[in-house]
Amino acid sequence: MTTRRILIIDDEYDIRAVAQLTLKTVGGWEVSIASSGHEGLSKAANEQPDVVLLDVMMPDMDGIETFRALQANPATQSIPVILMTAKVQAAEQRRFAELAVAGIITKPFKAMKLPEQIAKLLDWS
Amino acid sequence: MKILLVEDDSLIGEPLVKALTEQHYAVDVAADGETGWALLESFAYDLILLDVGLPKLDGISLCRRLRSQGKQTPVLLLTAQSASLNKVIGLDAGADDYVAKPFNLQELLARVRALLRRGDTALPPLLEWRNLGLDPSICEVTCDRQLVRLTPKEYGLLELFLRNPHRIFSTGTLIDHIWSFEETPTEDTIRSHIKGLRQKLRAAGALDDPIETVYGLGYRLRPAEEKLREEKARSDKGQKRQDEGKTTIASQTLTGLSMVWNQVKEAVDRRVSVVEQAVVLLRQNKLSEELRQQAEQATHKLAGSLGMFGADQGSRLAQEIEPLFQKGRSLTRQQVQRLSKLVNSLRQELQHLNDLNNNLSSEPSGVAVVDQSVDERPWLLVVSSNSTFTAQLQNESSGWGFRVQIISNPVTAREQITKAHPDVALLDFANAADTDNHLMLLSELRACTPPVPVLVLTDQDRLIDRVKVTRLGGRRLQQPITATQVLEAVNQVLQQARPIQATVLVVDDDVQILTALQRLLIPWGLHVSVLDNPLLFLDSLEANPPDLLVLDIEMPCVSGLELCQVVRNDPCWSGLPILFLTAHTDAETMYQVFAVGADDFVSKPIVGPELVTRIFNRLERTRLLKSFAEMDALTGVANRRKSTEALSQFLQWCEHCQQPFCLALIELDPLKPINQQYGHAAVDQVLARFGELLRRSFHTEDIVGRWGGGEFIIGMAGMTQADGMQRILDLQQSWQRFEFEAESTSFQVGLRAEVVQYPQDGADLQMLYQTARDRLSQAEHGTRSEGSSP
Chain V
1 MTTRRILIID DEYDIRAVAQ LTLKTVGGWE VSIASSGHEG LSKAANEQPD VVLLDVMMPD
61 MDGIETFRAL QANPATQSIP VILMTAKVQA AEQRRFAELA VAGIITKPFK AMKLPEQIAK
121 LLDWS
Chain Z
1 MKILLVEDDS LIGEPLVKAL TEQHYAVDVA ADGETGWALL ESFAYDLILL DVGLPKLDGI
61 SLCRRLRSQG KQTPVLLLTA QSASLNKVIG LDAGADDYVA KPFNLQELLA RVRALLRRGD
121 TALPPLLEWR NLGLDPSICE VTCDRQLVRL TPKEYGLLEL FLRNPHRIFS TGTLIDHIWS
181 FEETPTEDTI RSHIKGLRQK LRAAGALDDP IETVYGLGYR LRPAEEKLRE EKARSDKGQK
241 RQDEGKTTIA SQTLTGLSMV WNQVKEAVDR RVSVVEQAVV LLRQNKLSEE LRQQAEQATH
301 KLAGSLGMFG ADQGSRLAQE IEPLFQKGRS LTRQQVQRLS KLVNSLRQEL QHLNDLNNNL
361 SSEPSGVAVV DQSVDERPWL LVVSSNSTFT AQLQNESSGW GFRVQIISNP VTAREQITKA
421 HPDVALLDFA NAADTDNHLM LLSELRACTP PVPVLVLTDQ DRLIDRVKVT RLGGRRLQQP
481 ITATQVLEAV NQVLQQARPI QATVLVVDDD VQILTALQRL LIPWGLHVSV LDNPLLFLDS
541 LEANPPDLLV LDIEMPCVSG LELCQVVRND PCWSGLPILF LTAHTDAETM YQVFAVGADD
601 FVSKPIVGPE LVTRIFNRLE RTRLLKSFAE MDALTGVANR RKSTEALSQF LQWCEHCQQP
661 FCLALIELDP LKPINQQYGH AAVDQVLARF GELLRRSFHT EDIVGRWGGG EFIIGMAGMT
721 QADGMQRILD LQQSWQRFEF EAESTSFQVG LRAEVVQYPQ DGADLQMLYQ TARDRLSQAE
781 HGTRSEGSSP
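Residue numbers (the numbering used here), protein chains in the order written: chain V, 1 to 125; chain Z, 1 to 790.
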């Protein structure tokens with residue numbers, strides 16, 4: 001089995017660092033990171049990760065815009081995207097659910113459980 | 001404390017035994033090496049005084065034999081002055097310090113004390129990891145006793161890992177430790193050096209890969225036991241191995257999380273501060289739209305991240321706060337109050353998280369120095385299975401300013417101390433089912449660098465444990481004992497054990513020496529700043545005032561001797577202790593060194609333990625002198641000069657931070673009549689007891705000074721007059737309970753106090769004092785006239 005590769009797009013250093021750490025050590029995955037939507041778009045196109053973990057609330061280009069741009073680009077539209085959000089209101093949740101994302105992970109996530117959560121959303125065994 | 005003296009010359013031995021016995025040491029004497037060895041095999045000693053030239057078995061060989069058997073007893077060599085080679089060989093053989101004959105008795109006794117203080121933690125002369133050996137004295141690496149040829153950088157890397165077995169080094173930290181400023185390499189270079197090192201070690205037949213890659217963090221020495229465990233699991237096959245693997249991953253992830261936390265906690269702290277500030281302004285109806293927005297974002301981010309680090313409650317609080325900062329929302333008074341409460345709790349959660357991570361975090365690294373400022377309270381580790389007792393300790397400890405951590409199981413505690421060292425530990429042997437693990441924990445705590453002071457609770461019937469405990473350097477506390485008594489003992493130990501917080505400035509044009517000294521001195525808790533360009537000396541001195549100066553003699557442009565003269569001629573710096581490093585030991589150079597005002601000199605090549613001892617001796621002596629100059633001997637509080645200086649600084653700080661400040665003037669009943677009636681000794685007793693009470697009632701954040709006969713000043717920063725008054729009233733109540741006895745009568749001493757506040761009662765120290773003084777005398781007259789009226 002080849003190693004899974006994941007791209008994390010988040011402007012927050014701590015979220016990136018923790019996600020990167022647990023996905024590497026616990027999940028054994030290859031992880032690359034981007035700290036803005038723009039950076040994420042080009043990395044996703046170049047690296048063709050198996051999944052993108054995308055923060056919703058970012059300055060300049062937020063997660064929703066980034067997601068739309070990923071969908072609009074034929075090179076990236078088939079990559080599954082998981083949204084990360086700290087918004088818990090039902091209305092927001094519903095709005096995100098209407099997007100064709102592979103799943104939503106609410107922040108704060110449990111560091112040790114993150115790889116399992118992602119694997120479950122994507123049906124990876 | 002028990003000392004073994006191995007010395008064949010009775011002219012030296014006899015007066016030495018007499019002097020040592022007078023200092024209450026138990027002394028055994030052996031007149032030759034073999035007898036000395038026989039004694040060492042049969043009895044435990046705290047220190048060995050060892051002559052180099054001895055019949056039958058010489059001192060150096062004896063020392064080597066001792067170390068090869070893993071015995072860590074400190075050894076002080078007595079050596080003839082001329083044979084400097086002897087000193088080097090002796091120290092490399094594992095001795096800790098030496099004194100040249102003929103010696104000054106007082107110096108010898110001071111060195112004995114210094115060594116005994118340090119406990120049994122002589123640095124092992126040989127570093128080992130499984131079948132690898134590294135001998136720092138000859139810079140040699142062996143694998144199964146066969147020489148392994150390494151480049152200097154590879155050698156440096158390996159030595160660093162072997163010396164810091166639990167620490168994870170990022171590539172950046174490796175660069176800081178091993179490369180000089182001029183040759184800063186890229187991360188790729190480091191990786192290729194590590195790769196080269198691994199290949200050479202593998203080729204030489206090193207068991208396992210000693211250097212472990214910690215994903216995303218860096219490299220470290222692979223824990224040897226873990227490897228063994230894994231191997232065992234591997235041979236067992238099956239589920240067990242997987243579990244072991246999971247445990248390793250979990251602990252690795254936890255360590256990693258803790259490191260990430262340390263990197264981001266200041267940012268998190270700022271976020272909480274933003275929210276706090278917003279709440280303050282909101283209460284005053286002054287919250288700007290900009291700050292509201294910042295606060296909303298900050299809470300949102302806090303909600304998203306705190307739980308990730310294990311503070312679920314923190315995330316929940318932030319989630320509850322976030323909507324209260326929503327745009328256009330106006331809050332009722334109750335809601336604002338609720339908001340304040342939530343933010344307070346949030347701050348507490350943050351503190352809690354910091355405590356947790358401080359306990360978890362690995363060895364202090366260059367970065368972690370900053371971290372320690374988060375909770376500077378001394379950390380007391382309690383290992384006891386008696387929950388009633390530990391609960392009492394926990395309850396009582398709040399007023400003592402310690403951070404108490406209770407662990408019921410010594411095995412868990414031992415895992416803890418590999419990550420961070422407590423400042424003091426309390427081990428409960430009295431309630432232990434099996435003392436072996438406690439004893440092992442005790443010896444490990446004593447073997448830390450610097451050693452952790454350990455208090456041990458024992459009960460009557462375990463004589464054998466008591467002997468072992470004392471031998472391992474633990475201090476015994478006898479049951480039954482109250483929680484307060486225990487905490488008093490802990491406090492006492494902390495007062496004594498608090499390491500000298502000192503900065504050492506080293507000036508040497510040889511960058512390698514600078515790096516070596518940093519590596520040598522930092523583990524002893526010294527801050528080391530280095531300078532390789534003597535022309536920048538004065539700037540460096542101003543920028544980071546040191547407590548001790550180490551100078552090289554020969555440097556380009558300006559010599560160390562000239563620098564020394566500059567320092568001695570500057571009134572600001574004239575008292576700074578100066579230690580010279582020199583390759584010249586001829587009489588002429590030594591004369592020059594002392595003529596320009598140096599305090600001590602150490603010859604190159606540097607012998608680690610010698611330099612450390614000399615630096616500490618010098619620092620201790622300076623500190624002692626300084627405390628004489630700053631402390632009032634009778635009461636143990638600051639004298640007038642020192643406290644005035646500190647008060648002025650406090651006032652400036654309060655002005656800058658817009659904090660309240662209050663000053664209390666306390667006057668004891670006139671002491672003159674007491675003197676006339678009962679004599680000087682009675683007055684001394686009163687002052688000493690009052691000083692003690694003051695020191696107990698006020699802590700480091702307050703300033704206590706004795707300004708005159710019975711006149712005392714207390715400065716309390718961040719405190720209003722009302723709060724200050726309350727504390728003084730408490731003090732007054734305690735003081736009323738004190739009774740003194742003299743000439744078989746008992747008497748009490750009253751006190752009067754006045755509390756004034758800055759800036760209302762005065763704009764500077766002098767005015768504040770004057771106001772307090774005036775009010776005190778008014779009150780006195782007031783009481784008198786009241787008293788005279790019917």
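Derived from the structure by calculation, the hints contain no laboratory data.
Errors might be hidden in some of the hints.
[Stated by the list, open to error] Simulated restraints on C-beta separations:
id : chain 1 : residue 1 : chain 2 : residue 2 : range
1  : V       : Met112    : Z       : Lys341    : 25 to 33 Å
2  : V       : Ala102    : Z       : Ser529    : 51 to 59 Å
3  : Z       : Gly196    : V       : Arg95     : 49 to 57 Å
4  : V       : Arg94     : Z       : Lys341    : 26 to 34 Å
5  : V       : Met112    : Z       : Val511    : 40 to 48 Å
6  : V       : Ala97     : Z       : Pro759    : 44 to 52 Å
7  : V       : Ala102    : Z       : Gly196    : 38 to 46 Å
8  : V       : Arg95     : Z       : Cys448    : 19 to 27 Å
Glycine residues also receive a C-beta, built at the ideal position from the N, C-alpha and C atoms.
Verification of the supplied hints:
{"no.": "1", "hint": "Met112/V <-> Lys341/Z: 25 to 33 Å", "verdict": "holds, 31 Å"}
{"no.": "2", "hint": "Ala102/V <-> Ser529/Z: 51 to 59 Å", "verdict": "holds, 53 Å"}
{"no.": "3", "hint": "Gly196/Z <-> Arg95/V: 49 to 57 Å", "verdict": "holds, 55 Å"}
{"no.": "4", "hint": "Arg94/V <-> Lys341/Z: 26 to 34 Å", "verdict": "holds, 32 Å"}
{"no.": "5", "hint": "Met112/V <-> Val511/Z: 40 to 48 Å", "verdict": "holds, 44 Å"}
{"no.": "6", "hint": "Ala97/V <-> Pro759/Z: 44 to 52 Å", "verdict": "violated, 60 Å"}
{"no.": "7", "hint": "Ala102/V <-> Gly196/Z: 38 to 46 Å", "verdict": "holds, 43 Å"}
{"no.": "8", "hint": "Arg95/V <-> Cys448/Z: 19 to 27 Å", "verdict": "violated, 56 Å"}
Hint check: violations occur at hints 6 and 8; the rest are consistent with the structure.
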